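There are 2 protein chains.
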Amino acid sequence: MELTRDDPRLEQLAVNTIRFLAVDAVEQAKSGHPGMPMGMADAAFVLWTRFLRYRPDDPAWPDRDRFVLSAGHGSMLLYALLHLAGFDLPLEELKRFRQLGSRTPGHPERGHTPGVETTTGPLGQGFGNGVGMAVAQRMLAARFNGDDFSPVNWRVFGIVSDGDLMEGVASEAASLAGHWGLGNLVYLYDDNHITIEGSTDLAFTEDVTKRFEAYGWHVEKVSAYHRAALEQAIARAVAETERPSLIVTRSHIGFGAPDKQDTREAHGEPLGAAEVAAAKRALGWPEAPPFLVPDEVRALFARCAESRAGEYEAWQSGIKQWRSRQPEQAALWDDLLSKRVPADLLERLVSAAPAGAGATRAHGGAVLQQAAALVPALAGGSADLEPSTKTAIKGWVSVAKASFGGRNFHFGIREHGMGAILNGMALSGFIPYGASFLVFSDYARPAIRLSALMGQQVVWVFTHDSVFLGEDGPTHQPVEHLAALRAIPNLRVMRPADGIETAGAWALALERKDGPTLLALTRQSLPALERPASFRAEHLRRGGYVLRESETRDALTLIATGSEVALALEAAKLLAPGLPCRVVSMPCPQLFLEQDAAWRDAVLPPGGRRVTLEAGVTDGWHRLAGERGLSIGLDRFGASAPLAQLQEHFGFTPGAVAERVRAWLEETTAR
Amino acid sequence: MELTRDDPRLEQLAVNTIRFLAVDAVEQAKSGHPGMPMGMADAAFVLWTRFLRYRPDDPAWPDRDRFVLSAGHGSMLLYALLHLAGFDLPLEELKRFRQLGSRTPGHPERGHTPGVETTTGPLGQGFGNGVGMAVAQRMLAARFNGDDFSPVNWRVFGIVSDGDLMEGVASEAASLAGHWGLGNLVYLYDDNHITIEGSTDLAFTEDVTKRFEAYGWHVEKVSAYHRAALEQAIARAVAETERPSLIVTRSHIGFGAPDKQDTREAHGEPLGAAEVAAAKRALGWPEAPPFLVPDEVRALFARCAESRAGEYEAWQSGIKQWRSRQPEQAALWDDLLSKRVPADLLERLVSAAPAGAGATRAHGGAVLQQAAALVPALAGGSADLEPSTKTAIKGWVSVAKASFGGRNFHFGIREHGMGAILNGMALSGFIPYGASFLVFSDYARPAIRLSALMGQQVVWVFTHDSVFLGEDGPTHQPVEHLAALRAIPNLRVMRPADGIETAGAWALALERKDGPTLLALTRQSLPALERPASFRAEHLRRGGYVLRESETRDALTLIATGSEVALALEAAKLLAPGLPCRVVSMPCPQLFLEQDAAWRDAVLPPGGRRVTLEAGVTDGWHRLAGERGLSIGLDRFGASAPLAQLQEHFGFTPGAVAERVRAWLEETTAR
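Line by line, the protein sequences give chains A and B.
Heads up: the first sequence begins at 0 in numbering that gives the first Met the number 0, then just goes up one per residue.
Heads up: the second sequence begins at 0 in numbering that gives the first Met the number 0, then just goes up one per residue.
It is worth saying that the hints were derived from the structure and are not from the lab.
Hints are not guaranteed to be accurate.
Because identical chains share one entry, a pair is satisfied inside a single copy or across any pair of copies.
[Said to hold, decoys possible] In the DSS-like style, the derived pairs of lysine-lysine whose C-alpha atoms are separated by at most 25 Å in a straight line are: (1) Lys220 to Lys209; (2) Lys338 to Lys319; (3) Lys29 to Lys94; (4) Lys400 to Lys209.
The structure presented is a predicted model; accordingly, all values stated were derived computationally and were not measured.
Pulled out of the complex, with its shape left as it was, chain A reads as follows:
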């Protein structure tokens, strides 16, 4: 380390190596964003060589510092750093930037590249992920750090752009980070005064420093090229333990490119061969070969890694001894970091499931207590709707500045910030859950998508899941949401019909490690379903199962979810005996469609006529109803009225459903 500090030439060489690895990769790909890496190479270099604690051959080292590139379009900055720092990202991969199957996709993708902590690109999300990581760190520290050994020392660093700071999701997360006093969070703001449309003066003239101070942040301003001043500023930010820090680094997009520096053209397209050559000349860099990494620079990063080896080894031996001294704590540590759940979780939750009538949100609240006792990694809260969503873990305090040992969260009225924070927590040893009304899933949708894209285990609990929430009216009544959420790949949407299905849904959500699960729960009370003797808890893993069988071979099948299952049963009784009806409960059509043909055909006999019933848009249901089938739903917005009036008005009574089915059968049979 001393050498790098004492030899400005070597440092400058290293910084330019980063700069031109990015430039050359974008040029080779004929696509990408050279300007940000060129502008922020110095600051990133200082951060990575002087502060960031990482271990390239153990990228999952639990005590590593986290680096979040919220400005994900600057991906080549991160790839260049990872390559130089010795992560398993060979130069060949940098040469395959943005090519199919490379480890260097256009924006950083968690799981594709060792050392990439989170998937970024959609602006503001990384900012919020980092806040989630930082609060998770505080929670882990509160659980495990002790007088004899502290396994949790990591910090969160990141680079954010003007775009991140303009996005509301970051505003929400920033307010919470200040509220929680997350002194373990340090963001460098790439203040380059340029956006895609031109100068930031076109749309972004607020006083960022003052705004972040208003959130309770420590803010400093520094040049992005005065490395000593940068180091001092970051050191002060690291030393500030009570407040998160924003270091406003005044930078120049495309730094060093004679014609494109400080222009929007430097942002999102290759510089072009002539400008690349000119930039290399301007910064004293050889024009050829591309992808040049001087040996001295490799040596610098190797020394840097070496200087950190002792710390890593000390941590490993420390935790080994701690494990033997504190076996219970160590078991909890493993449970958290592996997000362990009991092997018989489904059976245990289902056997303890609320047996009576009730709203599924209330059932969910009861199941959550059981689940929290069995799964220590579970922690979460609500976007200021806990009394309605019933999502508090009893007996545990809320996470706050003075109580990071808690498991409950008050996210405030910030669904989107909550979502980005949950993603960060999921990346940091927790199974987080977040709750709101289903209609407000829209506010968090970009974060929900990222849980799904990253394959992170986040549990979304959305109550008030249909127009039958009643009086609050169409602004609060979801109709399109179930369909729209089911459309997100890798998001599992479950809409349970009673206490047992709610227990099953929670169990599946907690078992599922490779993606998020969304529970859609009712505001209104539902009866407990009568189940056939053949029912077993395992059936809940199937996404759909037969609730009422018929001995008649060509019986009609009513397929319903959630609050409409009991309605389907009632309608079936009205239709029988004249019209024999089977009833299928299908809390998760996506999961049902993944089952083998034997199960699917047993539940939905091929050729049988089918009616689907759900209080929402019918999009997606035609697939299960089939061309000769009927999809009963609500292809319109709701209305403000008490529950019973709405059921009547929209035809969601047993009589109305039975009548509709009869009329449809007559019409289609006559045809």
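With chain A fixed as given, assemble chain B onto it according to the hints.
Just chain B now, with coordinates in the frame of chain A:
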């Protein structure tokens, strides 16, 4: 007016009338939010009687001040004010609060209640709508106010809650309002220190004053019950013409309820009979009858209306004279306020449509120039992606502090704020459009939903509409978005396939007055389609039409949208002559399904086998493919790679599609 100012007893009576109308209505409905109206009755009274310019018998008076209740859950505050102010909202309607078909739904709904300017409830949206109204006012003023007469004098007032201020959408809109210097915007912040989960200290400890000052706002603090101080503060805010104003009114939720004031219980449920009685006693109000409106209070509001009659009459006579003096300006005025488009718009745009190959985003940019010349109400911009979305109106400056005469907008990287602002503009004489990448429609989704719910004409232009945007990778590649957006009732989603369809889509969007339209446009270039001689522009109104016919009776039909239409044509050529194929272009399946059976059956012959083709999730397409059909799509996230690699990888080449169709036919025929 003098009387009300001089007689504190009468004012207090009026304030308590508002308070208890709200309390009694919630009690009668057994549902609602009494706490906010009780807390803010004084402030609302001051605003409505001293400042707000309205005309109850002409609620659409163009020069009325706009009042936005962003804290929409306090709807009864607004209904009480509208009733007392003489709008067509009889006491009977207040008694039917939250009942089916009443004019008093749970949250204010534009179009249901005279005097309700915008639909609110989802927090933060009203805040953004007000910013949109205020910028629209400035734009109208820049166009029409002159030395001899100024028809545009209105201001925007509103009440916002802590929930509004926590939501990121409001942060985005607030930053823009400050940037634009909207001195015509005055919000009262109901600073009651209580959220649904308890004290705002649980999650909201930022310095709101400092934050809004950082955005460039004028901020004052005042008690919500010191009416003289309130009046002075509002007067100063009105006098401040260069900055928007936030007046932080320290209030008490449930003011006057002995046990529930300052508690979260006062927020969202009826007080209960005992507490209602106690509150009435505490404030010296008769316990019975409910819904009491003292005659003196009616008289007070009548005097208030009377005092404003002169202003209204003066405006009416002023504009009448102005019309005759300035017939061209008057014509423009009518065009804007009626959002007029030429009757032959479709034909004109289609006949001028770009004829060659190109990206539909580029076609869109060309059509926009034609449309802007024909439709003066059209104005909009992009969330910092104009060079990519191609959505600038050439020859017009951007809207900015010094140039409200412009038609282009720089919204910054704030899709959600943009959406809420567009809704406000649509409510104020413009046909606004907003652009971004399709994947980021998620960020704006709550605002898109509200355009649809309100039936407002907003045009959303989302480019980069599939994985075929290429290298930016899955964070930027929409796959579920078309399906998810089509699920929103009353939102028309159009995905044109070439220049002619793009012109048609823009024309339909501009003609459609009762709801929003979304255009999904490609990044990549597409060939111009060959059309049959029978094609007429009118076919574009049908949502789907035959592009390639077959003489074979049982020909297969390939149905495609956007970039996949040309692909379907190529695949059809490969499949023919062995397998006769028809090709249907279906830019808007929703619109197609609304057509009469004759059209639908002509386009999709009943019983014919069908294949749908779209580069996105197949949800929704099974309906059109039918049970015996095939839906080719992408039910997974994309990948970062150049276009051609992705087409190959995901099987979106003519050969791969033809092969897939052949294999499917063999498999299903053999079965």
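Here's how the hints hold up against the structure:
1. Lys220 to Lys209: Answer is both: 12 Å inside a copy and 19 Å across each meet the 25 Å cutoff.
2. Lys338 to Lys319: within (20 Å within a copy, 73 Å between copies)
3. Lys29 to Lys94: within (11 Å within a copy, 66 Å between copies)
4. Lys400 to Lys209: Intra 22 Å, inter 22 Å, cutoff 25 Å: intra and inter.
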